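The primary structure of each chain is shown beneath.
Number of protein chains: 4
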Amino acid sequence: MKIKLGENSYGKNAVQLSKIIRHPAYHEFRQVTVNVSLKGDFDEAHITGDNSMILPTDTQKNTVYALAKDHFKTSIEDFAIYLANYFVTTQPQVAASTIEITEHLYHRMQFEGVEHPHTYIGGGAEKRTTRVTKTATKVNVQSGITDLLILKTTDSGFEKYIKDKYTTLKETADRILATKCEINWTYGNLPADYTAQFNNIRELLLLTFAGHKSLSVQQTLYAMGKSVLEAYAGISEIHLQMPNKHHIPFNLEQFDIQNENEIFIATDEPYGLITATVTRE
Amino acid sequence: MKIKLGENSYGKNAVQLSKIIRHPAYHEFRQVTVNVSLKGDFDEAHITGDNSMILPTDTQKNTVYALAKDHFKTSIEDFAIYLANYFVTTQPQVAASTIEITEHLYHRMQFEGVEHPHTYIGGGAEKRTTRVTKTATKVNVQSGITDLLILKTTDSGFEKYIKDKYTTLKETADRILATKCEINWTYGNLPADYTAQFNNIRELLLLTFAGHKSLSVQQTLYAMGKSVLEAYAGISEIHLQMPNKHHIPFNLEQFDIQNENEIFIATDEPYGLITATVTRE
Amino acid sequence: MKIKLGENSYGKNAVQLSKIIRHPAYHEFRQVTVNVSLKGDFDEAHITGDNSMILPTDTQKNTVYALAKDHFKTSIEDFAIYLANYFVTTQPQVAASTIEITEHLYHRMQFEGVEHPHTYIGGGAEKRTTRVTKTATKVNVQSGITDLLILKTTDSGFEKYIKDKYTTLKETADRILATKCEINWTYGNLPADYTAQFNNIRELLLLTFAGHKSLSVQQTLYAMGKSVLEAYAGISEIHLQMPNKHHIPFNLEQFDIQNENEIFIATDEPYGLITATVTRE
Amino acid sequence: MKIKLGENSYGKNAVQLSKIIRHPAYHEFRQVTVNVSLKGDFDEAHITGDNSMILPTDTQKNTVYALAKDHFKTSIEDFAIYLANYFVTTQPQVAASTIEITEHLYHRMQFEGVEHPHTYIGGGAEKRTTRVTKTATKVNVQSGITDLLILKTTDSGFEKYIKDKYTTLKETADRILATKCEINWTYGNLPADYTAQFNNIRELLLLTFAGHKSLSVQQTLYAMGKSVLEAYAGISEIHLQMPNKHHIPFNLEQFDIQNENEIFIATDEPYGLITATVTRE
Chain A
0 MKIKLGENSY GKNAVQLSKI IRHPAYHEFR QVTVNVSLKG DFDEAHITGD
50 NSMILPTDTQ KNTVYALAKD HFKTSIEDFA IYLANYFVTT QPQVAASTIE
100 ITEHLYHRMQ FEGVEHPHTY IGGGAEKRTT RVTKTATKVN VQSGITDLLI
150 LKTTDSGFEK YIKDKYTTLK ETADRILATK CEINWTYGNL PADYTAQFNN
200 IRELLLLTFA GHKSLSVQQT LYAMGKSVLE AYAGISEIHL QMPNKHHIPF
250 NLEQFDIQNE NEIFIATDEP YGLITATVTR E
Chain B
0 MKIKLGENSY GKNAVQLSKI IRHPAYHEFR QVTVNVSLKG DFDEAHITGD
50 NSMILPTDTQ KNTVYALAKD HFKTSIEDFA IYLANYFVTT QPQVAASTIE
100 ITEHLYHRMQ FEGVEHPHTY IGGGAEKRTT RVTKTATKVN VQSGITDLLI
150 LKTTDSGFEK YIKDKYTTLK ETADRILATK CEINWTYGNL PADYTAQFNN
200 IRELLLLTFA GHKSLSVQQT LYAMGKSVLE AYAGISEIHL QMPNKHHIPF
250 NLEQFDIQNE NEIFIATDEP YGLITATVTR E
Chain C
0 MKIKLGENSY GKNAVQLSKI IRHPAYHEFR QVTVNVSLKG DFDEAHITGD
50 NSMILPTDTQ KNTVYALAKD HFKTSIEDFA IYLANYFVTT QPQVAASTIE
100 ITEHLYHRMQ FEGVEHPHTY IGGGAEKRTT RVTKTATKVN VQSGITDLLI
150 LKTTDSGFEK YIKDKYTTLK ETADRILATK CEINWTYGNL PADYTAQFNN
200 IRELLLLTFA GHKSLSVQQT LYAMGKSVLE AYAGISEIHL QMPNKHHIPF
250 NLEQFDIQNE NEIFIATDEP YGLITATVTR E
Chain D
0 MKIKLGENSY GKNAVQLSKI IRHPAYHEFR QVTVNVSLKG DFDEAHITGD
50 NSMILPTDTQ KNTVYALAKD HFKTSIEDFA IYLANYFVTT QPQVAASTIE
100 ITEHLYHRMQ FEGVEHPHTY IGGGAEKRTT RVTKTATKVN VQSGITDLLI
150 LKTTDSGFEK YIKDKYTTLK ETADRILATK CEINWTYGNL PADYTAQFNN
200 IRELLLLTFA GHKSLSVQQT LYAMGKSVLE AYAGISEIHL QMPNKHHIPF
250 NLEQFDIQNE NEIFIATDEP YGLITATVTR E
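Chains A, B, C and D supply the protein sequences, listed in that same order.
Okay, so the first sequence: first residue is 0 according to numbering that gives the first Met the number 0, each after it adds one.
Okay, so the second sequence: first residue is 0 according to numbering that gives the first Met the number 0, each after it adds one.
Okay, so the third sequence: first residue is 0 according to numbering that gives the first Met the number 0, each after it adds one.
Okay, so the fourth sequence: first residue is 0 according to numbering that gives the first Met the number 0, each after it adds one.
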């Protein structure tokens with residue numbers, strides 16, 4: 000069988016860009032990480048080393064910085080769509096361009112309830128994300144959240160599962176449920192305001208998590224995804240990845256102390272990993 | 000010259016503990032990382048392998064979990080003091096015990112301005128810390144903050160420094176100042192309420208950072224430390240470590256675009272590292 | 000449109016297992032990280048919280064440790080195949096099970112050319128990997144390497160690429176080529192000895208990298224993949240991911256010093272990312 | 000009590016530098032991370048923002064790259080001494096300069112026993128380190144190793160330790176001993192060839208670890224340190240930090256399987272941390 004080049008892509012990853020947008024009353028500070036990835040007619044580059052169809056990844060990086068001046072003014076989705084479209088329209092050899100942007104969150108400091116005009120505090124591990132893929136005729140826009148650490152101290156149990164000879168886990172009607180989620184959704188209809196959509200969906204996800212009487216991570220995950228699809232007709236599907244960050248009751252009883260669901264070993268590994276897409280028929 | 004054992008210590012690090020404190024109206028969730036370190040008469044353990052003076056690090060870990068039930072109810076400082084005292088009083092061979100506690104911050108979720116009774120969101124990279132060292136007769140209590148990411152988009156410059164043949168940096172009266180600080184202070188007088196003290200000092204540090212017209216990181220660092228010592232007579236000294244997380248203007252001019260302090264390369268490495276102790280005469 | 004559960008899976012990740020295999024002349028030490036992932040009939044768990052079809056991830060973890068005693072004796076591939084088959088045959092609700100194993104490499108210490116019988120030194124970042132997916136009727140076996148850091152100081156250039164208004168990169172016929180690769184290949188025919196296969200393929204990949212006169216990362220990547228498919232008819236395809244870890248010449252000329260390709264800034268970010276599958280027609 | 004500036008320093012950290020040294024028969028590739036730290040008369044910079052005594056950290060970085068051309072030709076110690084001396088002699092306001100260099104290890108690829116002239120493979124996590132502090136009249140040179148992962152599968156026990164009410168650890172005469180050490184030693188007399196010294200000391204440390212019948216980590220640590228001081232009169236003291244990376248026997252007995260010291264849970268946290276200096280009277 001003859002050997003051939005299969006699926007391939009190339010691009011620049013981890014372009015770290017920050018921007019100050021100067022509003023009359025305050026400075027808006029934004030920091031993002033941008034990945035560019037291109038697919039297209041790159042067979043000759045692989046097979047003969049002919050680079051005549053290759054836009055260097057260094058140039059891709061420069062392009063991101065150059066276009067940020069005029070085109071990164073609102074949401075990361077709008078900037079990603081602009082960039083994805085730029086590469087696919089200016090580079091005829093590019094069949095599809097994918098732009099991923101991760102936004103590092105900063106909040107304006109507040110003193111006595113008043114926001115400071117130009118001083119920020121980092122927003123922590125949680126990040127807002129987008130992934131846009133553009134071809135000559137189509138655009139696919141995903142938005143999401145990553146590293147969102149959420150936890151509830153009750154309203155979560157895990158019972159009536161399969162038992163076999165290797166089972167040691169005890170059933171419980173009351174446990175800590177903690178997860179550091181990665182969630183992203185696909186737009187069937189592109190919204191006018193991605194940031195408003197993002198804020199609404201994030202709020203709904205948190206509200207569903209908080210209110211859910213959880214019989215399993217699977218059930219909570221599905222409830223969260225379903226709530227978004229029910230509320231927003233423009234979302235075609237949503238993907239949730241929820242590692243179960245186990246808080247394991249410490250065996251105080253061996254020291255004649257009662258552990259009434261109070262003292263836990265917080266663990267990172269090993270971890271249950273639950274992942275699903277909620278979609279429409 | 001004869002060979003001998005010099006300074007030495009041993010203990011358990013990275014004890015990951017979480018606790019639910021059940022109040023009538025809500026559940027308080029706490030998560031901490033505890034390090035135990037003991038110094039004392041351990042020469043025989045090193046020289047002959049005689050373990051009769053060694054409290055295993057596994058037992059130290061068990062002790063942390065066991066004592067958390069009754070003694071981790073308020074601040075990490077109070078728990079650390081209890082633990083440090085426990086090891087030094089129950090183990091006669093221990094001359095000094097040091098307890099370090101790092102608290103991972105969680106915030107109760109809020110919906111329409113109301114805090115949910117048992118659902119939390121992770122507080123990000125910033126962590127509250129303490130370090131307590133106890134001997135038979137003395138206690139040293141330090142409190143602090145780590146991984147506090149703060150940034151201002153203006154009111155910061157860097158000018159009139161030494162120039163030599165390797166200088167390429169341009170002077171600027173207006174740059175981004177960003178740092179991920181580690182700050183800790185030592186109590187000359189132990190306060191009644193460590194959490195109130197912590198909150199007040201943290202607020203003062205942020206306020207000083209926000210209001211300072213910075214001529215250098217050094218000057219801002221010193222101003223922050225000085226403000227704490229001036230306001231709190233019970234603090235004997237404060238140590239600040241402030242890596243300069245550089246946001247470097249991207250050279251848009253090479254593309255005939257003006258960069259009016261808008262577009263930056265956000266860098267992690269290399270970084271300036273400024274560190275100082277502010278103390279009293 | 001009705002909402003429904005789409006693709007989903009669950010399992011235990013990061014099961015950290017080490018084993019001593021006691022040979023007459025020496026102890027063999029092995030350390031692996033195992034991920035288990037199951038797909039199947041889990042709709043009720045998501046929709047109603049009915050766990051009767053759920054084998055807990057905690058039990059999956061126990062199973063890995065229990066089966067390692069008798070079934071982790073040779074390659075990670077053999078162990079992964081056993082585990083994958085175990086879950087799919089003992090759990091009728093499981094349609095497909097995937098086992099990923101990453102092996103952390105240790106080498107026996109050598110003194111004066113003799114291997115010590117029971118003392119090891121860690122093998123660094125490079126790890127051997129496998130991914131096995133099993134259904135009732137099919138098995139897919141992939142083997143690979145991850146975090147393989149390789150570098151050549153010459154025989155690499157990058158020229159004759161597209162130039163546009165954002166191009167600043169200079170063409171070069173002589174640059175450092177460095178990459179931390181992730182490579183994995185799929186077996187069309189399962190080999191009798193996975194470890195011998197692995198060692199042969201790894202050697203061939205290194206030899207091809209070393210000998211290649213590189214006109215681009217793409218060309219080197221393709222040459223490496225092609226060499227494996229040419230040499231091993233049992234390999235159906237190979238996937239290579241090669242981040243370009245740039246070593247950028249430092250501009251010494253600004254200090255009137257000549258940099259004859261000697262002094263470089265070693266960078267992690269941003270990085271070019273080149274990825275491709277080499278396959279058969 | 001008046002407030003004053005206490006101990007302080009500043010400098011550039013994480014300067015990533017690589018170098019090709021072109022020998023007739025092969026290319027030598029070196030990659031290092033350099034930290035510069037200066038102490039001296041910086042009171043005005045902190046108190047009034049007067050930068051006239053401040054050599055910018057950006058200039059420090061440039062200096063490292065510029066001086067590497069002619070002065071980084073042999074060991075990291077020789078380069079660190081040159082740099083430390085450069086800053087203290089050219090900058091009168093600097094009372095002490097400290098240079099830390101971490102060398103990332105690369106090995107030339109070998110094919111059929113022959114080293115390739117210009118192709119390298121990364122040497123893993125283990126790194127060679129140095130720390131040099133220079134004042135007008137004194138130099139202190141430390142050399143060391145970091146992230147050295149070593150392990151023995153037998154000849155290690157832990158018994159006859161203190162038992163109390165929180166003890167659950169079982170005594171064992173045969174356990175895995177694993178540690179990722181950080182070791183550094185101070186030269187009383189500076190050697191002519193730092194690399195030869197480093198290689199000899201590293202070999203002796205490994206040999207002592209391999210041959211030691213360990214009754215505790217403390218005893219092994221001390222034996223390792225002592226062996227170096229006994230063999231090398233020019234070393235004034237050695238510091239060893241040895242986290243105990245626990246491999247905990249998995250309880251197979253609960254499944255009616257015997258675990259004859261074969262199957263272990265490999266853990267990262269929590270970990271015992273043993274640290275000591277071995278010195279001379």
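No wet-lab data here; the hints were simulated from the structure.
Any given hint might turn out to be false.
Claimed, not checked - Below are the DSS-like pairs computed for lysine-lysine, each with C-alpha atoms no more than 25 Å apart in a straight line:
1) D:126 <-> B:38
2) A:212 <-> A:225
3) D:68 <-> D:1
4) D:179 <-> B:1
5) C:72 <-> A:164
As the list claims (entries may be wrong) - Some chain B residues flagged as far from chain A (calculated, every beta-carbon gap over 12 Å):
6) 39
7) 99
8) 192
The structure displayed is predicted, hence computed values, not measured ones.
Don't be surprised by glycine CBs; every beta carbon is placed ideally from N, CA and C.
Checked against the structure, which of the hints given earlier come out wrong? Going through the list in order, the structure violates hints 1, 3 and 4 and respects the others.
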